[in-house]
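**Q** Chain residues, written in single-letter form:
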Amino acid sequence: MGEQIPLVEYLVLGAEPHLRAHECTKCGARYFDRRNACASCFADSFKAFDVPTEGELRAFTIVTFAAPGVPVPFVAGVIDCQGTSVRANVINIEPDPEHVELGMKVRLATYSLGEDDNGVEAVGFGFEPIGTNS
Amino acid sequence: MSEDIWILGINMTKFGKHPDLDTVDLAAEATTAALKDAGVTMGDIGILAAGNLMGGGLGIGQALQKQVGQTGIPVYNVSNACATGATALRTAIMAVKAGECDMGLAVGVEKLAGAGLLSGGARAADKNEWTPKGRYGAVASVDGRIGTDTMPGVFAQIGMEYGHKYGGTSFELFARISEKNHAHSTLNPLAAYTKRMSLEQIMNDVMIAYPNTRPMCSANCDGAAAAVVVSDSKLKTLGNEQQRRAVKVSASVLTTDPWQEACQILPDVNTLTRNAAEQAYEQAGIGPEDLDLVELHDCFATAELVHYDNLGLCEPGGAVDFFNSGASTRDGKTPVNVSGGLESKGHPIAATGIANIWEVCHHLRGEAGDRQIEGARVGLAHVIGLGSACGVHILESSAA
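As they're listed, the protein sequences go chains Z and R.
Going by this note's numbering, the residue at position 98 of the first sequence is 98; the numbering climbs one at a time, nothing skipped.
Going by this note's numbering, the residue at position 370 of the second sequence is 504; the numbering climbs one at a time, nothing skipped.
If you are wondering where the hints come from, they were derived from the structure by calculation, not from laboratory data.
Because the structure is a prediction, the values reported are computed rather than measured.
There could be a bad hint or two in this list.
A partial selection of chain R residues facing chain Z, derived with a Cβ cut-off under 10 Å [as the list claims (entries may be wrong)]:
#1 Met-176
#2 Asp-178
#3 Ala-256
#4 Thr-282
#5 Thr-436
#6 Ile-507
Computed from the model, here is a short list of chain Z residues facing chain R with C-beta under 10 Å [what the hints assert, rightly or not]:
#7 Leu-7
#8 Val-63
#9 Pro-68
#10 Gly-69
#11 Gly-83
#12 Arg-87
#13 Ala-88
#14 Asn-92
#15 Asp-116
#16 Glu-121
We put the CB at the ideal spot given by N, CA and C, even for glycine.
Just chain R, with the same shape it has in the complex (with noise of 0.2 Å):
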């Protein structure tokens, strides 16, 4: 069995617009945030996995370098969707379980503020000559005409089926989930929008895709993130309060969706967490019920409902019943998003699935401030990029 892998030190920029600086500015800002927390230097490390879905340049990880430490150590740029964070992570922990090197760097950017509706793209003009193109054979463009490509209709797909087969939703149903979310981001200073939103609010806002509104879908804006994992090994010869403060990762798992009889016309984005979350409760030896908070992928309300099922945090066919319930509310059992989520929060693509562990840690290490979840000792981040993958990781502080 390989040795543990721990957090040693990670950070989160404020999410939001900044005009001024560029991807490789805000990667930099966040590595170098790491690097202090985890009280150790570019020198001390021995792979750099990083991300940048959107920018479109070659070599986020190379660009970074320039700006924190050319050290000739090998860089992946991996590219997961919104997974892409958690791919980084991931890739920094397999290294150094693989027995690479002890120490490993990940980072994940993203600049969006401004960015509109995430979707297939415009559509062209039809030809004046109908010729069948592409896998399909179509001779027109099909979004809009043979369902939607945009990500908030494809969510609301995903949480009115959940609705269809287990009954209890609706359209307000799914508006106090956003309600929620944005009650928590009150708490988080980082959090690119911090306002309070009543469910009027909510439900009057523009609607983007039945039954998601504008404040329900997830908030494009810039931000980095950036985690430094080390062995087990190498943490017992660092400093104590290194070792106080280095949070556990438990389990870390990517997963991709299996084949599912529906999958090809909408994703499936509900094995695959089931997998993920049935591989990482077991790697860490824990059940859901342990878990003192979770961040998961709400980038649209109707998502968050159906990944309460999806990780186990309720009976199966039982989330609308977890939520009525209040359990994911910050005082509730299990509470959900304490950050505010990607509804609030903000989701700067590459970033989120390494902010998401951020949000985790600084409740472990007791260092949350106003909105410290009391005690928390486990908890787990949850990411799903369309395609699909999706990054699972439990967490435990180091006294648990």
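Bound conformation, chain Z alone (with noise of 0.2 Å):
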């Protein structure tokens, strides 16, 4: 296998993918994203958490109309991952409201956005249907 590059920072691959938060040391809000203090209590020092793979569908919508370029229809949700939240498509499901239902039992999955010109391959990620098997 050549050489990966997850789609974000906070996607951590290898044998078992999953997200990786910056967690504040004195009240435990997570972050995605670097910050320069934490927004709930202003201290300014976080540590790594990973955060678990598996969770629960707590809000979604199918978009079928989107920007120029960005492929429809697909299923964009809330995860609640046992406490923390994750934004993320809900994949290898039919994109309809029979299909996803508020409160589906999902897991984390990746996927290949394809390799550039260097060889290196982009992986995404987003959440599946535990049972399905994809």
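Take the two lone chains, each set in its own frame, and fit them into one complex as the hints suggest.
**A** Printed below as a string of structure tokens:
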């Protein structure tokens, strides 16, 4: 397998891909982007927190009309990963309201965005229903 | 305690398509009419706060002055997403409250007719070398890959999240909220769209972001609104008719979103609205049960539902029952968006936060014609801009 790069820095690749948040060492608030100080308690030190890879779909929409260049339809949602809210697409599912359900159990899954000119493969993530065989 | 503030004059232009008028023309039209409504001139105004979010030009306030009167007063050009109009109004109110002047003018204007989806922008083609960029170190565009940046999609999730928490929501329920607002709009000659739409028409229209179809989304259009505010002591020196028609600003509140666990991934439009409503009721010394009408920020049908709850119009978790009871229709207990709301009246962004004040004032003055809510004495206007900012104003008729 060639070199891989995650779609975003907070996606950790490897044998068990997962998301990694910056957790405030004082109050425990978690952030996926870098913060100068904690938005909740203003402390300024953070440690890495590995976000559980399974969760529950707390909100979703099926986007059928998006900005130019964004393929539709797709399912966008909020996944509650055992106390850490994650924004992601729901993948490996039919994008219609008959198949996507609030409260459904989902788990992190990765997919390839393709290779660049240097042969580096970008890898993205989504959440798929638990129980699918993909 | 600082003195009371009153709306002395207010106006909104027809919302819709104005191909022959630019933002400055529209702002001037609303301003001139608001001054006339107030019975004053630019010579009386001590501060101007103006907003135009999408125009991209600098200094809408100064450009407006060139058309209606350059008197050298301070201008504050404000920008606060969809709460821009309310922010302009609040800026003028704060200046008068602070005693810097006794009369202020707030203006909001937008040209959006024909604008498409408001989102993060077109996705650029992927580069031929993956290079991390930005605060997330993203190697490619994330809109559509990690959730959605589109407004219909964001607010769809906000409504769905409420449904997940409390139950009772469905595509049809959200569509019925839109049906109500489109029905209300038929009585509003200034609305961009005044067509009654059946539930079937709404549900079978183009799906934008489930469960929001096109008529369940706020309508992009052109429009402007302007308001003249005056101090209580100055108002007492003015004519009887001016005093009779003046509308009291019983509460003027602007909040931002305090930190919440999930706010980094889905904007939290709830907490800041709840905070603003609580502060506003306390300032005004009234409760939600006292409201004769409410204009709230139905940028999408899914948003209206959550704000019933956030504004305290129902028990916590009771928004679905509140709507199903018919309480929010124009003959219900607490009529909501009798103007037609953003879904049909239209949403020229920076104008919206003053136009909803105009709607409430119109009823409190007993001047709303066919859509008058009889005997209206107290009303609330709410806007929210993502980022986020929330404006809540409570208004009372002078005889209240």
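**Q** Hints first: check each against the structure and report whether it holds.
**A** The hints, checked one at a time:
The closest approach between the C-beta of Met-176/R and any C-beta of chain Z is roughly 42 Å, which is over the 10 Å cut-off, so the hint fails. Taken as an interface hint, Asp-178/R does not check out: its beta carbon lies about 43 Å from the nearest beta carbon of chain Z, beyond 10 Å. Annotation: interface hint on Ala-256/R holds; nearest CB of chain Z at approximately 4 Å, less than 10 Å. Look at Thr-282/R: its Cβ gets to within about 4 Å of chain Z, closer than 10 Å, so that hint holds up.
For Thr-436/R, the interface hint holds, since its Cβ comes within 10 Å of a Cβ in chain Z; the closest pair sits about 9 Å apart. At its closest, the beta carbon of Ile-507/R sits 34 Å from a beta carbon of chain Z; the interface hint therefore is violated under the 10 Å criterion. Restraint check, Leu-7/Z versus chain R: the minimum CB separation of about 6 Å is within 10 Å; hint holds. Of the supplied interface hints, the one on Val-63/Z holds, with its beta-carbon coming within about 5 Å of a beta-carbon of chain R, less than 10 Å.
Taking 10 Å as the C-beta contact cut-off toward chain R, the hint placing Pro-68/Z at the interface holds, the least distance being around 4 Å. With a cut of 10 Å, the hint placing Gly-69/Z at the interface with chain R holds, because the nearest CB-to-CB distance is about 3 Å. Proximity of Gly-83/Z to chain R holds as hinted, the smallest CB-CB distance being about 8 Å (cut-off 10 Å). At about 4 Å, the closest approach between the beta carbon of Arg-87/Z and any beta carbon in chain R falls short of 10 Å, and the interface hint on this residue holds.
A hinted interface residue such as Ala-88/Z counts as satisfied when its beta carbon comes closer than 10 Å to some beta carbon of chain R; here the least separation is about 6 Å, so the hint holds. A hinted interface residue such as Asn-92/Z counts as satisfied when its beta carbon comes closer than 10 Å to some beta carbon of chain R; here the least separation is about 14 Å, so the hint is violated. For Asp-116/Z, the interface hint holds, the least distance from its beta-carbon to any beta-carbon of chain R being 5 Å, beneath 10 Å. Evaluation of the Glu-121/Z hint against chain R yields a held restraint, the C-beta minimum of about 8 Å falling below 10 Å.
Comparing the model with each earlier hint shows violations of hints 1, 2, 6 and 14; every other hint is respected.
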